[in-house]
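Undergrad: When we follow my numbering, the leftmost residue of the sequence shown carries the number 481, and every step to the right adds one.
Warning: the hint list may mix true and false statements.
Ranges between beta-carbon positions, derived for each pair [as the list claims (entries may be wrong)]:
no., residue 1, residue 2, range
1, D654, K574, 34 to 42 angstroms
2, E592, G697, 37 to 45 angstroms
3, W646, K585, 15 to 23 angstroms
4, K589, Q545, 14 to 22 angstroms
5, E713, K546, 16 to 24 angstroms
6, K589, G516, 26 to 34 angstroms
7, D560, K589, 19 to 27 angstroms
8, N656, P515, 29 to 37 angstroms
9, K567, G501, 35 to 43 angstroms
It should be emphasised that the hints constitute simulated quantities derived from the structure, not laboratory data. Being a predicted model, the structure only gives us computed values, none of them experimental. The beta carbon of each residue, even a glycine, is placed where N, CA and C say it ideally should be.
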Amino acid sequence: MDAEVPRVATGIPGFDKLIEGGFPKNFVILLAGTPGTGKSIFSLEYIYNGAASLNENGVYITLEQKVENLKKQALQFGWDFDELEKKEKVVIEKMDEFDVGITIKKIKKSIEKINAKRLVVDSLSGILAQVSMHRELFSQVRGMYPATGTGLQMTHDKESMRKVIWDIFMRLSDLNCTTLIPSEIPVGTEQLSSDGVSEFACDGVILLKKLAMGREGIRTVSVEKMRSTRIDEAKHDLQFTEKGIIVGE
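Model the full assembly from the supplied sequences, consistent with the hints where possible.
TA: Written out as structure tokens, the structure reads:
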């Protein structure tokens with residue numbers, strides 16, 4: 481692969497070597513996993529490491545969880561997001577807009593506020609819920625549908641949803657951040673997303689799994705896809721320590 485590709489290190493011990501040192505800059509990465517596999521923790525550590533030790537400010541947008549709950553979860557690993565917010569190195573914010581276009585505009589403002597280079601939008605299901613519940617697209621989808629006052633009316637066929645999802649990922653890639661999007665998938669599925677489209681629209685896919693072994697089970701991480709990158713495709717143990725995640729050999 482091209483050695484000149486600029487990369488963004490996650491700072492998660494053992495992970496970056498799986499992807500030639502980091503995510504390619506400004507990629508949009510799907511972080512897929514079944515419930516309880518550590519998607520939020522992985523995402524929080526990505527933002528925290530960037531702001532605290534890698535000189536890259538970050539924005540964490542939650543569409544479902546409360547900000548207070550995320551911060552409490554982070555503190556279990558010693559990650560003080562309140563302190564980073566005071567230093568204007570991080571924005572962690574809940575957005576509950578009913579229009580995806582408005583959400584993207586607000587995300588852009590948060591990015592510009594602190595000159596962020598890292599972004600987490602948690603989660604894909606939250607984004608798609610905005611689309612499905614209110615039957616609207618972004619402010620424009622290249623003239624495919626007649627405009628309304630707040631957006632564009634959409635039909636709920638598969639082709640329309642496919643175009644919406646591709647458009648969402650294009651809009652996120654235009655924000656000039658290296659972006660993680662946690663995405664929950666059902667237990668037992670071989671799909672990499674609940675919609676069957678996002679894994680093709682994104683630049684990379686990280687898969688977190690929990691295997692039934694003994695009382696606790698074993699969590700694993702694998703890189704399923706990463707453009708412009710020679711990847712390690714093996715499954716690796718995912719360990720949770722008091723300081724965060726460690727990826728095993």
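Undergrad: Against each hint, give a clear statement of whether it holds in the structure.
TA: Consistency of the hints with the structure:
no.: 1; hint: D654 - K574: 34 to 42 angstroms; verdict: violated (23 angstroms)
no.: 2; hint: E592 - G697: 37 to 45 angstroms; verdict: holds (42 angstroms)
no.: 3; hint: W646 - K585: 15 to 23 angstroms; verdict: holds (19 angstroms)
no.: 4; hint: K589 - Q545: 14 to 22 angstroms; verdict: holds (21 angstroms)
no.: 5; hint: E713 - K546: 16 to 24 angstroms; verdict: violated (36 angstroms)
no.: 6; hint: K589 - G516: 26 to 34 angstroms; verdict: holds (33 angstroms)
no.: 7; hint: D560 - K589: 19 to 27 angstroms; verdict: holds (24 angstroms)
no.: 8; hint: N656 - P515: 29 to 37 angstroms; verdict: holds (32 angstroms)
no.: 9; hint: K567 - G501: 35 to 43 angstroms; verdict: violated (27 angstroms)
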